[in-house]
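Engineer: Line order of the protein sequences matches chains C and V. One point on numbering: in the numbering used here, the residue at position 58 of the first sequence is 58, and numbering is uninterrupted. For any residue, its number in the numbering used here is found by taking its place in the second sequence, counting from 1, and adding 187.
FYI, nobody ran anything at the bench for these hints, they're computed from the structure. Any given hint might turn out to be false.
As the list claims (entries may be wrong) - What follows is a list of derived Cβ distance ranges for each label pair: (1) C:174 with V:285: 25 to 33 angstroms; (2) V:324 with C:34: 28 to 36 angstroms; (3) V:280 with C:91: 40 to 48 angstroms; (4) C:106 with V:352: 24 to 32 angstroms; (5) V:373 with C:181: 39 to 47 angstroms; (6) V:301 with C:98: 21 to 29 angstroms; (7) C:48 with V:293: 30 to 38 angstroms; (8) V:298 with C:11: 40 to 48 angstroms; (9) C:152 with V:293: 21 to 29 angstroms.
As the list claims (entries may be wrong) - In silico DMTMM-like links for lysine to aspartate or glutamate, alpha-carbon gap of 25 angstroms or less: (10) C:30 with C:144; (11) V:190 with C:144; (12) V:217 with V:318; (13) V:334 with C:165.
Ideal placement from N, C-alpha and C gives every residue a C-beta, glycine not left out.
2 protein chains.
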Amino acid sequence: MTKIPEKRDFPVSQVRRYLEPGSIVLVSSKWRDKTNIMTLGWHTVLEFSPSLVGLMISGGNHSFRMIRESGECVINLPTTALTDTVVGIGNTSGADIDKFAEFGLTAEEASQVDAPLIGECHANFECRLHDDALVQRYNFFIFEVVKAHVAPSPEHPETLHYTGDGVFMVAGEIIDRRSLFRPEMLG
Amino acid sequence: MTKIPEKRDFPVSQVRRYLEPGSIVLVSSKWRDKTNIMTLGWHTVLEFSPSLVGLMISGGNHSFRMIRESGECVINLPTTALTDTVVGIGNTSGADIDKFAEFGLTAEEASQVDAPLIGECHANFECRLHDDALVQRYNFFIFEVVKAHVAPSPEHPETLHYTGDGVFMVAGEIIDRRSLFRPEMLG
Chain C
1 MTKIPEKRDF
11 PVSQVRRYLE
21 PGSIVLVSSK
31 WRDKTNIMTL
41 GWHTVLEFSP
51 SLVGLMISGG
61 NHSFRMIRES
71 GECVINLPTT
81 ALTDTVVGIG
91 NTSGADIDKF
101 AEFGLTAEEA
111 SQVDAPLIGE
121 CHANFECRLH
131 DDALVQRYNF
141 FIFEVVKAHV
151 APSPEHPETL
161 HYTGDGVFMV
171 AGEIIDRRSL
181 FRPEMLG
Chain V
188 MTKIPEKRDF
198 PVSQVRRYLE
208 PGSIVLVSSK
218 WRDKTNIMTL
228 GWHTVLEFSP
238 SLVGLMISGG
248 NHSFRMIRES
258 GECVINLPTT
268 ALTDTVVGIG
278 NTSGADIDKF
288 AEFGLTAEEA
298 SQVDAPLIGE
308 CHANFECRLH
318 DDALVQRYNF
328 FIFEVVKAHV
338 APSPEHPETL
348 HYTGDGVFMV
358 AGEIIDRRSL
368 FRPEMLG
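All chains, please: the whole structure from these sequences, using the hints.
Structural biologist: Below you can see the structure in the form of structure tokens.
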């Protein structure tokens, strides 16, 4: 069993710290009393404040309609401790199974949305639909992160970056170049 | 000097292999006989075929107008060999300097667009503007990758994933889980 890290509130305007590196994320949703989880690698930060992120959610996913109808989701950041869980979630459909039960994950209550947090993940970002202008054309949802929960330790967890074809890259090692940045570029 | 890797044509429908992991990229552009380069971490894959990618290009960048007016750019994938170059490009403006000259980079001719390829990068993706529906509201450009050039070696180069605040994560180590995927999820 993966342990559940203790998390703290984190400023929503700073979630790029965890999302800009581009790891695969687990997106949890709830609609009509059912929950679901999908893996997602096609996402980007769009704005600091309001805290906006864009997610491309393929229409073939069981989660698509749940997120479309509820207008909510939670973006959860898994670490390498959850590698096989991430693969399992990506290989199954919420039409067939209860993914929280099947993969032994803990659904924790969110504070701003009905969709559950995944306790075992390093960070959880509660999201509300901000703009659906590109949903019909590209399945591209723009969400506002309305609440963020992050485990303070480890400071730089190992994350999974999907290349397709069953292969992940692992990011974890750090290069610090603060000293080379102009002050106004930091913070 | 960073050496210039030899590249081969690569299928545009498979660029997710290099972009989905979410590394920082260098975006080169050309407009009215001037070239420029910017660093960019806010991007996502949107579709396999046509090969669509979304880039959030902040209006404060000198590149913004060049890309907006020309409707073209090249997405270049730097490796850790170019770390200090990436930082330097992000810390300077094309309004003040010629970035190719300043950073000793080689502008190579593209085949489908006027914007130059950066020779020293591991991969180059020539892009043409596909949809500007969200440019005014979010500075979000949807491009079609019309031609891709990739160095066949190394197979998994070390890439830079920006967290903000002058700190990068490095991805390079590989986890192969092909054996756990359903066949239709691979390819």
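Engineer: Now, for every hint given, state plainly whether the structure supports it.
Structural biologist: Structure-based check of each hint:
1. Distance hint check for residue 174 (chain C) and residue 285 (chain V): the Cβ-Cβ separation is about 32 angstroms, which falls inside the suggested range of 25 to 33 angstroms.
2. Taken as a hint, the range 28 to 36 angstroms holds for the pair residue 324 (chain V) and residue 34 (chain C), whose Cβ atoms sit roughly 33 angstroms apart.
3. Hint check: residue 280 (chain V) to residue 91 (chain C), Cβ distance near 46 angstroms, so the stated range 40 to 48 angstroms holds.
4. Taken as a hint, the range 24 to 32 angstroms holds for the pair residue 106 (chain C) and residue 352 (chain V), whose Cβ atoms sit roughly 31 angstroms apart.
5. Between residue 373 (chain V) and residue 181 (chain C) the C-beta distance comes to about 40 angstroms, which sits within the given range of 39 to 47 angstroms.
6. At roughly 53 angstroms, the beta-carbon separation of residue 301 (chain V) and residue 98 (chain C) lies outside the given 21 to 29 angstroms, and the hint is violated.
7. One distance hint, 30 to 38 angstroms for the beta-carbon pair residue 48 (chain C) and residue 293 (chain V), holds here, with the actual separation near 34 angstroms.
8. For residue 298 (chain V) paired with residue 11 (chain C), a C-beta distance near 45 angstroms keeps the hint of 40 to 48 angstroms intact.
9. For the pair residue 152 (chain C) and residue 293 (chain V), the beta carbons lie near 44 angstroms from each other, so the given range of 21 to 29 angstroms is not met.
10. With a CA separation close to 17 angstroms, the supplied pair residue 30 (chain C) and residue 144 (chain C) stays within the 25 angstroms bound.
11. With a C-alpha separation of about 42 angstroms, the suggested pair residue 190 (chain V) and residue 144 (chain C) falls outside the 25 angstroms cut-off, and the hint is violated.
12. A threshold of 25 angstroms between alpha carbons decides the hint, and for residue 217 (chain V) with residue 318 (chain V) the separation of about 19 angstroms falls inside it, so the pair holds.
13. This hinted pair checks out: residue 334 (chain V) and residue 165 (chain C) have alpha carbons roughly 21 angstroms apart, not beyond 25 angstroms.
Checked against the numbered hints above, the structure violates hints 6, 9 and 11; every other hint is satisfied.
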